[in-house]
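Generate coordinates for the entire structure from the input sequences, incorporating the hints supplied.
Protein chains: 2
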Amino acid sequence: MLQSKLFIKTRKEAPKDEIFANARLLIRGSFIDKLMAGVYSFLPLGFRVLKKIEGIVREEIEALGAGEILMPALHPKTLWEETGRWQKLLGIIYKVTDKDGREFGLGPTHEEVIVDIIRKHTITLTDLPFSLFQMQTKFRDEPRAKSGLLRGREFSMKDLYSFHADENDLKKFYDKAIKAYLKIFRRCGLKPLVVEASGGEFSKEYSHEFMIKTPAGEDVTFFCSLCGFAQNKEIAKVKAGDKCPNCQKGIIEEAKTVEAGNIFKLGTRFSEELGAHYTNEKGEKKPLVMGCYGIGLGRLMATVVEVHNDEKGIVWPREISPFAIHLIEIPSKKTEVKKQARKLYKLLLAENAEVLYDDRGVSAGVKFADADLIGCPLRIVVSERTLESGCVEVKERSKTKAKLIKINKLKAVIKNHV
Amino acid sequence: MLQSKLFIKTRKEAPKDEIFANARLLIRGSFIDKLMAGVYSFLPLGFRVLKKIEGIVREEIEALGAGEILMPALHPKTLWEETGRWQKLLGIIYKVTDKDGREFGLGPTHEEVIVDIIRKHTITLTDLPFSLFQMQTKFRDEPRAKSGLLRGREFSMKDLYSFHADENDLKKFYDKAIKAYLKIFRRCGLKPLVVEASGGEFSKEYSHEFMIKTPAGEDVTFFCSLCGFAQNKEIAKVKAGDKCPNCQKGIIEEAKTVEAGNIFKLGTRFSEELGAHYTNEKGEKKPLVMGCYGIGLGRLMATVVEVHNDEKGIVWPREISPFAIHLIEIPSKKTEVKKQARKLYKLLLAENAEVLYDDRGVSAGVKFADADLIGCPLRIVVSERTLESGCVEVKERSKTKAKLIKINKLKAVIKNHV
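Going line by line, the protein sequences match chains U and G.
First residue of the first sequence? That's 1 in the working numbering, and the numbers climb one at a time after it.
First residue of the second sequence? That's 1 in the working numbering, and the numbers climb one at a time after it.
Hints in this document: simulated from the structure, not taken from any laboratory.
Source: prediction; values computed, not measured.
When chains are identical, the list treats them as one kind, so a pair holds in a single copy or across two.
Calculated lysine-lysine pairs in the DSS-like style (CA-CA distance at most 27 Å, straight line): (1) LYS285 to LYS9; (2) LYS51 to LYS415; (3) LYS52 to LYS138; (4) LYS34 to LYS138; (5) LYS138 to LYS77; (6) LYS237 to LYS256; (7) LYS367 to LYS285; (8) LYS5 to LYS172; (9) LYS95 to LYS34; (10) LYS346 to LYS409; (11) LYS333 to LYS282; (12) LYS99 to LYS138; (13) LYS77 to LYS99; (14) LYS51 to LYS183.
If you want it as structure tokens, here you go:
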């Protein structure tokens, strides 16, 4: 992609009211634009990252056998009254009024809607288990929307719902979902801690949260580096310095954490309240046993930025970087430089590399600063100087040292980046 | 995909309150679910069609050089007051109130938001022209939400915005956009009429609409079959039976039509009102010249269904069918049938065909009815009877006659469907 043609408008300064690294860097790097507190647009660079995260999530969730759907944001108040959650989530659900004065809610979650779909159909044992997921926009009237994409009022979420005949079958799927979640976070360059948590607002059953260590976190998790044992502060039975009760070897540490995902065993709560049944082998109607599984997609992007940044900008993990390679042409009066840069751009594209080619007529300083801010894993510089020795300069974003590489040796160097 | 694993629950009857073919067939075929009037969920089959339509639209719009973004649905009232459209679109914009009583709108369109993004940046002549698009959910408080996906209260839309230094440059892009739109509709199996229209609510400048002939249409278009000349009834200077004023040969006909897309020359209206400028060669600030280009994605799906259906169900055009091939195994006591059907399924997948494999233990009658309702272009049946002669039965959805084809000759038959 030619940088001059993509809408990339970096800024030296972040807006003063943004205090979190994710918002400051993503706005400065032209990944997102702030419309108002907790509400952001994804610009071309940010949209690319979002789509890559979605791609990873889709792949791992489809591997669980789930089918993709898309449910609406506009929900009838009456449906939420059936589960009593219209009252319970008052102050969280945005209320919508139409011109005739009828009330709707903007969905903060979709248990009511998915169960409303299912209850319209006859479900038999041969249908079970099944699972459905979506990547969709949710809305929450968030009092503290000051942490960028970590806590949005409007945000994109992957929510998965599974349906089972009994608790045993739910447990099997739930355990597979834990593994899928770990894979997703690791592919995004994160090291998740899995903690058991209370069901909270959404569930009477137990649940798990996937916590990521970062100073930007609002939660505190006690954990053991050795075996991965972890508990959130509110319900922890350990404290920092204790011997790990799981492996009996490690010492418990404490860190601020962000919750990057959560999964719940809902049991039959929603299916009983809304009347979603299956017919068993005896012809009896039984309430469906459910699980639900969420990942905030923008929040995941924000968490990655909080974890992977330095004083110069973002350091994207390979799989979710907007581009694999940032090719930089240092403007020169010698036409040979542009010619070679273009040739190299085509060569990289032919190797199936995702390349952002900085073809702009601005100074080397501006280009280097933008490249560090945008944070693609590999930077390749073409200049008068590098071409003198038939080379390009290659530098990994996460390293400090650059190397001169002969152009005919470049293919081997980039093979991990295509 | 195994039909038993996908959530496909067809119905014999459509809901009584749905009178349009698109809603009746899409609900019966398990493509969509109705949450309330004008608000639908896309189930796995419908989601696949939606993604295929999105894929075609993305391809043709990216070919115009546009970058993809994603803007929010929740808009601050203050921004809409800047253009005076909060008052003007009263009764169309859904109002949202947060717990502190602040008012927001759910975006029915995004001119205000895109221009708010652009006006924060310095735009120079070297940046121009550029264009940005999104596929995003819009909301309109629609009084008549009785035509299924043709007129939703919540609906998915592709909206593209282009920015130019002058009217000439806008015109160049606008003409290319017309061609891209024609390609999009044709790839979706439709024959669009292009009509010049008034700018309506959104524009003082002129605009074009892309009309599709169908009895479900709410508009009336006069057109000439010979040269493609077309005018909408409200501003037509011709009537049915007239000689075509364009080619002087054809005779003007009249048809009910659906508007499947529209494009507007916005000029400087929004950039002047919101203050979005570029700097010209003399260093002067000039308002950006804009165009906007919309296609309702669910509406496009609905239009295709209105045009392509028969008494048995939907007849999907090849490029947007949820699956290219519907492979049907007729249940049998002979294990050979299932064995051969599975073998064939793997063979078709190996040929890169998108196959829906009906592996369910239900009657041939149910399977045939479902296949006709769902409407994949090619049906392949494996049964005891077909296997007696080493054959499968192959039938195109749009034709009445089925053929017996030797299994080893199948590759050649399906080559147009992969």
